[in-house]
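S.K.: Protein chains in written order, with our numbering: chain Y, 1 to 312; chain S, 1001 to 1260.
Bear in mind the hints are in silico, worked out from the structure with no lab data behind them.
Heads up, a few of these hints could be off.
Lysine-lysine pairs mimicking BS3-like chemistry, simulated, CA-CA at most 25 Å apart [claimed, not checked]:
#	chain 1	residue 1	chain 2	residue 2
1	Y	K219	S	K1260
2	Y	K142	S	K1260
3	Y	K235	Y	K246
4	Y	K120	S	K1018
5	Y	K142	S	K1018
Stretch by stretch, here's where chain Y covers chain S in the computed footprint (C-beta under 8 Å, at least three residues) [to be verified]:
#	segment
6	1005 to 1013
7	1086 to 1093
8	1140 to 1154
Ideal placement from N, C-alpha and C gives every residue a C-beta, glycine not left out.
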Amino acid sequence: MYMNHAVLTARGLTKTFGLPAGRQAHTAVDHISFDVKEGEVLGILGPNGAGKTTTIYMFLNLIIPTAGDLVIFGMRYPDDHEAILQQMNFASAYMDMMPRLTVMENLRIMAHLYRVPNPKDRIVVLAKTVGIEDLLRWEHQKLSAGQKTRVQLCKAFLNNPKLLLLDEPTASLDPDISVSVRREIRAAKRRGMSIVITSHNMAEVEEICDRVVFINHGKILAENTPEELAKAVRKVRVQLMIKDGKKRTIAYAKRAGFPVTASDRFVTIDVDEDDIAYLLAGLADKGVQYRQIAIDKPTLEDYFITMTKENL
Amino acid sequence: MNGARIGAIILKFWFDTKRDLFRLFDIFWWPAFNLFVWGLLSSYLTRVATGSINFVLLFLAGTIFWSFFDRATRDISRSMVEEQWNRNLPNIFSTPLTLTEYVVGVLAVGTIKLFVGGAFLLILATVFYGFEMGALGWFLFPAMVGLMMFGWSVSFVMQAMVLRYGHTVEVFIWAVTVLLQPFSAVFYPVNVLPSWAQVVARLLPPTYLFEAMRAVITGAPVEPGAMVVSFSLNALYLALSVAYFYRTFHYAKLHGLLTK
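Just chain S, same shape as in the assembly (with noise of 0.2 Å):
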């Protein structure tokens, strides 16, 4: 592994968001936009419900926890579908280049990017709505970890499937978090939803964190057992994603399809 070959890869990003105020607007607009909204409806729910539920700091907590795991995405699964759409692939992988190091590359903008944007909302939640990061203590490090593991697993997924199947599954980068969302507990417990529903949502690693969330804003103890499956699941899924991402470049060099 080169360190200067990655290097290269972080350049093109780095060239491309300054080229591209849309690119900044993706990183700062889009999660501000969606926190104000949750923090809107938050703050209402707190003036009228009565008790002692803190409604700010839970669905605030999910709205950036879930923003996490939506960059961790949506980023990493863009990267292939620009290189695709600009016809730089054959470019690119023509030079020494490993497909390895063009990972890490893009894996190390889309964690910059992550963080970036992270803070970016914990500041701007922090200055409206009074949210207490330090309530959140120790299990913010795990809940973004958790995350962006889980986001990578399926931008990897999705990453594979454009290779092989081309524009037509583009939909699926922007369509698989809100898919998945319901099922993941972001902002209710898990058993709230139907029976059927809970079997999808104990098989996806962010429901497990999303509940110990809960448990850490009110004050219940978190079991040690839900991360550790959380984190076996999340583990499991990212070995089996990126196999099945190495396989599909494999699969796309024996088809012609990087050159395409």
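In isolation and in its complexed conformation, chain Y is listed as follows (with noise of 0.2 Å):
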């Protein structure tokens, strides 16, 4: 389900930081503009400290964006601060509940916040679903780093939100539970749920973002499909199990300028896109044998990697 219609838009939305006497101030965002649209999930990429976490902050008018315009459900803030959040929701793996507290107990709490009808059914039935329905009975400040991701995760799905934003969902979780949160994920984007996502994890962003938009120095660099900007990336690497002339393929590789490294009876080069034909060409030249060849195309995380190097 992928409609036109955008939940988010923001427009040159902006957050300076002021900082005290005789230091400049940060600007942690910087005149970004985009859209969320309707059963997307748009992926919001970029290294520690390039804003992502104070643009979620702003679309929870937990920050007050200092200039631009932020347009949600076709309201703004802060006459339509309930309007608004009471169709969103919100997970953070570094965000804490009441300690003391047991786990069905602060849910409760958050499930009242957002008038959740029938709210303890509603959690047993979440609880299920991001596998802590052993645990709704344990005080919080007694789960591990996963254990209160998956809590968060069942906390943002309890009003069952238009629009849902995720910082970092499965960072410190377990890879099979990992695999059931993307898979929750995606069925809610399958419901319709527009999903705005934070994460360092790019093969998580590839599975299922439809859209990423990459931030750095709290500027938008990029923005397009997963796919796509991997394309950007014009390096591949091409790993060769050489048979005979390991040397020559390792000389030849630096001659012509190739990032070169080798181990055992592998070499691996990068290489642009257009320049393999070349590669092998004057490899044949030069009377290198390989068993094996394999070519890796680039990925998201090539990608970042690439883009954040270039922006330093």
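Fit chain to chain and form the complex, with the hints in mind.
M.R.: If you want it as structure tokens, here you go:
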């Protein structure tokens, strides 16, 4: 389910934090503009300190923007604070709850804040989904980081939000739980929920996001589908299992200016996509023989690393 | 304003109190401890002193009334501090909860605790020291309301300071009632204070209430004008402190302090 209707529109959104006298103000988010469409999963990517979390907090009205326009469900803060937040929810791997209260008690309070009907039943159903049904009677302070993340996810689905904001939702989760969380995110998307997700897990973003906004130093550097962003990285990795001519291969790659590494019988060469034919023809000329060849296409992670390096 | 969301804040404090026995200590133990210290002192003074002054009534009424201010200040100030300690502010304020609903919920919890704690102290004072609540008559109600109002004013300022300056100012939450007590004429008339301290005392609404309390106990007339001054100051301070608190909450959102 994918519609063109935008549930969130940010235009020129900017956040500058003032610092004590004598020091410069810090612009955490710098004139960013993008939409979140109905039923879409949008990934916000960027290195630490890029402005991802500040952006999420502005969506939640926890931080007031310095400039720009933010429209959510056709409404604006502060006038429509309650109406907007009633239809949103949020989970962060780094957020805590009341430590001495049990998981059930914490979730009941949140359910009341969202005016969820039959809160206990709803909590039990969601707890099963995110695998915390055995933890409901536990004090929150006794949970591991991964368990706390799952409790946050349970909280995030309490009011069946139209727009869900997830800050590193699978950080510190075991792989099997991460899989079930991703499954739940996809199921939510199928139900028409719009989701904004920040993550450092590139494979996860590639798997579940329809579109990615790449932020660094508070600015949007790119916005596209994960596949298109990955294509923007022209480098591919050619891995050869050499039968004869390992030294010739390394020498040829170095002369041609391709980054090369070698281990045992394997030689790995980074080349532009357009240069693959040139590389293989050159190796054939040198009489290099190989048993096996693997060409790794660029991933979103490659894009992330490239863009982060370029924008340091 | 939504009742369910205010109810959620009350539910939160109920769960928290239920889970933590030390909170019950805070409601019952420390005020009772204070009451016994003053009760024993006043019993001793009654035995050795000559004259008709009822020290038990004077000191115990002072202790009980002061506990209203003390509790109102600390309970409400502490709520925001605890949310910060638990990094729970983004959780609760990313919901549709409004600041006014949060404040109403916190005040409702504070008032319930105040009346439970106050009733407990009155019963203890009656049982152990023969404290005559009836001797205070009509005065009991305005005294409780006035002291609670001033406690709220101080607590709004404390909460705002914690929001703005962080944990470094938490010490004031515990110290503020101790700092104000000498100027509030709780156990002695205001005219025994040095003249500069009397000026400070006249700016504090509790001063007039404690002066009136002594008048009621000794059978002297209560000056209606003094009560009007007390409640006018209370209304002014409450309005200013609420405005300061709301402004600081806005400042905290502007500067990202809620999410720290």
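S.K.: Are the hints correct? Go through all of them and say.
M.R.: Right, here's what the structure says about each hint:
Distance hint between K219/Y and K1260/S is fulfilled; the C-alpha atoms sit about 22 Å from each other, no more than 25 Å. Distance restraint check for K142/Y and K1260/S: the Cα-Cα separation of roughly 23 Å lies within the 25 Å cut-off, and the hinted pair is therefore satisfied. Under the criterion of a C-alpha separation no larger than 25 Å, the hint pairing K235/Y with K246/Y is consistent with the structure, at around 22 Å. Taking the CA atoms of K120/Y and K1018/S, the gap is about 19 Å. The hint holds against a cut of 25 Å.
Proximity of K142/Y to K1018/S is assessed by CA-CA distance (about 17 Å); at most 25 Å being required, the pair is judged to hold. With 5 residues carrying a beta carbon less than 8 Å from a beta carbon of chain Y, the segment 1005 to 1013 of chain S meets the three-residue requirement, and the given coverage holds. Counting residues of the segment 1086 to 1093 of chain S whose CB lies closer than 8 Å to any CB of chain Y gives 7, which reaches the minimum of 3, so the coverage claim holds. Taking a C-beta to C-beta cut-off of 8 Å, the segment 1140 to 1154 of chain S contributes 0 residues in contact with chain Y, too few for the three needed, and the coverage statement is violated.
Hint check: a violation occurs at hint 8 only; the rest are consistent with the structure.
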